[in-house]
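Trainee: Turn these sequences into a full structure, and let the hints steer you where they fit.
Here's the letter readout for the chains.
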Amino acid sequence: MTTRIDTRFAELKKQGRSAFVTFLMAGDPDPATSLEIIKALPKAGADVIEIGMPFTDPMADGPSIQAAGLRALKAGMTLKKTLELVRGFRKDDNATPIVLMGYYNPIYIYGVDKFLVDAKSAGVDGLIIVDLPPEEDEELCLPAMKAGLNFIRLATPTTDDKRLPAVLANTSGFVYYVSITGITGAAAADSSAVSEAVARIKRHTKLPVCVGFGIRTPETARSIASHANGAVVGTALVDALKSSLDAEGRATAKTVNAVAELTASLAQGVRGAQQAAE
Amino acid sequence: MNIAKPNSYRSGPDERGHFGIFGGRFVAETLMPLILDLEKAYTEAKADPAFQAEMDGYLKNYVGRPSPLYFAERLTEHLGGAKIYLKREELNHTGSHKVNNVLGQIMLARRMGKKRIIAETGAGQHGVATATLCARFGLECIVYMGAVDVERQQPNVIRMEMLGATVMPVQSGTRTLKDAMNEALRDWVTNVHNTFYCIGTVAGPHPYPMLVRDFQSIIGNETKAQMQEIEGRLPDSLVACIGGGSNAMGLFHPFLDDPSVEIFGVEAAGHGLTQLHAASIAGGRPGVLHGNRTYLLMDADGQIQDAHSISAGLDYPGIGPEHSWLHEIGRVNYLSATDDEALAAFQLLSKLEGIIPALEPAHAIAKVMELAPKLPKDHLMVVNLSGRGDKDVPQVGDILKGKSK
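Line order of the protein sequences matches chains A and B. Read left to right, the first sequence gives residues 0 to 277 (numbering that gives the first Met the number 0). Read left to right, the second sequence gives residues 0 to 404 (numbering that gives the first Met the number 0).
Check the hints yourself; a few may be wrong.
[As the list claims (entries may be wrong)] Here are the simulated distance ranges between beta carbons:
#, chain 1, residue 1, chain 2, residue 2, range
1, B, A224, A, K73, 35 to 45 Å
2, A, K73, B, H270, 20 to 30 Å
3, A, S264, B, V392, 51 to 61 Å
4, B, D298, A, R249, 55 to 65 Å
5, A, V116, B, N193, 40 to 50 Å
6, A, T6, B, K4, 44 to 54 Å
Keep in mind that the hints were calculated from the coordinates and are not lab data. Just so it is clear, CB atoms sit at the ideal spot from N, CA and C, and this is done for glycine as well.
Mentor: Okay, here's the thing in structure tokens:
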């Protein structure tokens with residue numbers, strides 16, 4: 000079965016360029032502004048959109064993304080409303096892949112089967128669940144694959160050659176390489192180490208490999224995109240959003256543009272790169 | 000609940016770290032290789048007689064084990080029912096049961112060649128135990144502690160710093176134990192190559208709930224032998240307080256397959272079960288947090304809720320997964336005691352027995368005050384006195400002063 004993610008990466012391959020993948024938190028700073036921001040992303044150059052599902056205890060995220068989640072929760076965001084956000088986006092855009100990223104508990108409480116049906120019908124294409132390693136595949140990964148959603152796995156610098164096949168076994172859509180051992184928003188990735196790691200992963204899979212964690216500038220994005228099939232930027236966009244808010248943390252007239260402008264400049268960085276040779 | 004009773008309550012977890020539906024390994028990929036290494040190192044250590052022999056030496060001469068099983072005569076007379084014995088874990092070096100587990104984990108860390116130890120702590124007892132053994136073995140020690148807990152547990156913060164540890168106050172979330180655990184996990188993800196995470200309770204990803212339980216089972220094993228020597232038979236009931244539940248699991252586990260022994264775990268009911276509390280079993284349901292599936296306090300959307308207890312050590316919205324399983328399968332009865340009940344028990348034990356308990360086991364004593372009077376005089380009850388109250392003296396002093404005004 001071909002998903003929007005498969006289609007998008009096939010198109011980009013034809014064009015000979017890498018994907019620019021954006022991450023923002025659903026409902027940050029409020030559900031209505033969040034929808035406007037998400038809608039603005041494809042025009043600004045996002046090829047794939049990752050949307051965070053807010054969670055009170057995001058153990059693998061840094062302060063920026065944790066604060067974004069708490070802003071969203073305070074504004075009344077729920078998993079149900081996150082799916083509505085995707086549905087709202089799909090009214091005008093049936094091509095840009097949407098990947099939900101987050102932690103397992105809200106999905107577990109929503110009910111896995113119901114979530115998969117609702118997510119698919121809302122227009123979600125893939126899932127990245129930080130705290131579900133392959134050892135817990137039966138929880139969500141296998142049911143998601145059955146439901147026609149891509150389950151995108153994280154590979155990290157600690158995932159060695161022995162472990163990679165287990166990590167890749169039930170991965171589809173793309174592989175998300177976490178370029179550092181650390182939390183989101185931490186130190187920048189080293190470009191040559193990333194290039195080596197991507198090459199290593201590609202020896203084990205034909206899937207596209209996107210790289211995230213530690214990418215903040217158009218220059219880093221360009222350099223990473225030249226070694227991988229995609230560059231993921233989250234914290235820098237979340238920070239741009241935050242700096243546009245008023246003193247009470249509410250959206251201002253500048254908020255949507257602040258994110259769109261940074262997206263456009265990062266996208267240019269990515270588009271300036273040649274895609275890594277297959 | 001219609002769950003088939005197992006042949007043994009002591010055989011868990013299964014090879015994937017599950018106790019029934021509870022437990023598991025819900026962690027970021029970065030940590031998985033290390034967790035698998037830890038499991039392997041523990042399996043090898045268990046099979047190595049030299050490991051156990053070295054541990055036994057430190058347990059005897061450094062920790063001060065065995066801890067006494069003390070007949071609380073005045074408390075027994077006062078309550079007028081069951082014969083109450085206190086398992087004196089508060090007499091251990093560092094003042095609580097925490098040292099049993101930390102010793103085991105630090106020995107494992109040394110086997111694995113890890114030089115940097117991180118820990119999270121609520122009341123500070125686990126932090127103090129970790130700082131102590133890191134000092135003893137010359138290891139770097141970083142302790143994450145919620146900023147609220149840093150405030151209310153000053154004596155332990157000072158102790159940790161004197162022992163050479165770095166205490167990191169955590170400002171995120173509710174600034175208590177839950178957030179300290181999040182920060183410790185973030186540190187671990189970042190420094191996974193050289194860092195050992197010394198978890199303080201029977202929770203977290205497999206193999207932690209199992210190995211912490213094993214290291215704490217010395218409490219129940221000693222109790223069994225001591226009761227046999229004093230009374231010539233098994234106790235009739237066991238009572239212990241539960242935050243994550245490590246002192247309770249340590250006492251309970253060796254008795255799980257003795258059907259005559261009734262077992263009670265006591266959660267912190269805080270201001271009451273309809274208000275702010277930390278009773279995950281009484282007021283929560285199964286969910287996934289901090290590497291395991293277990294009973295958690297959360298809202299309808301699966302967001303983790305704030306816990307509250309007068310005792311920083313019980314102030315956590317979850318519980319060890321094996322407890323969740325023992326609850327669902329009906330082997331252990333889980334009760335709860337409020338802040339006020341714990342305070343009353345704190346004062347009663349201090350005045351009757353000359354033992355100032357920590358606020359954590361004061362919750363267990365509170366339920367003993369309820370259970371014991373209804374039981375016959377030949378009923379043998381063991382309460383785990385998991386820690387001493389030195390750390391709580393300033394806090395309780397302030398509360399009592401405020402009340403007398």
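Trainee: For each hint, tell me whether it holds in the structure or not.
Mentor: Cross-check of the supplied hints:
no.	hint	result
1	B:A224 <-> A:K73: 35 to 45 Å	violated (54 Å)
2	A:K73 <-> B:H270: 20 to 30 Å	holds (24 Å)
3	A:S264 <-> B:V392: 51 to 61 Å	holds (59 Å)
4	B:D298 <-> A:R249: 55 to 65 Å	violated (23 Å)
5	A:V116 <-> B:N193: 40 to 50 Å	holds (45 Å)
6	A:T6 <-> B:K4: 44 to 54 Å	holds (53 Å)
Going down the numbered hints, you'll see the structure goes against 1 and 4, while the others check out.
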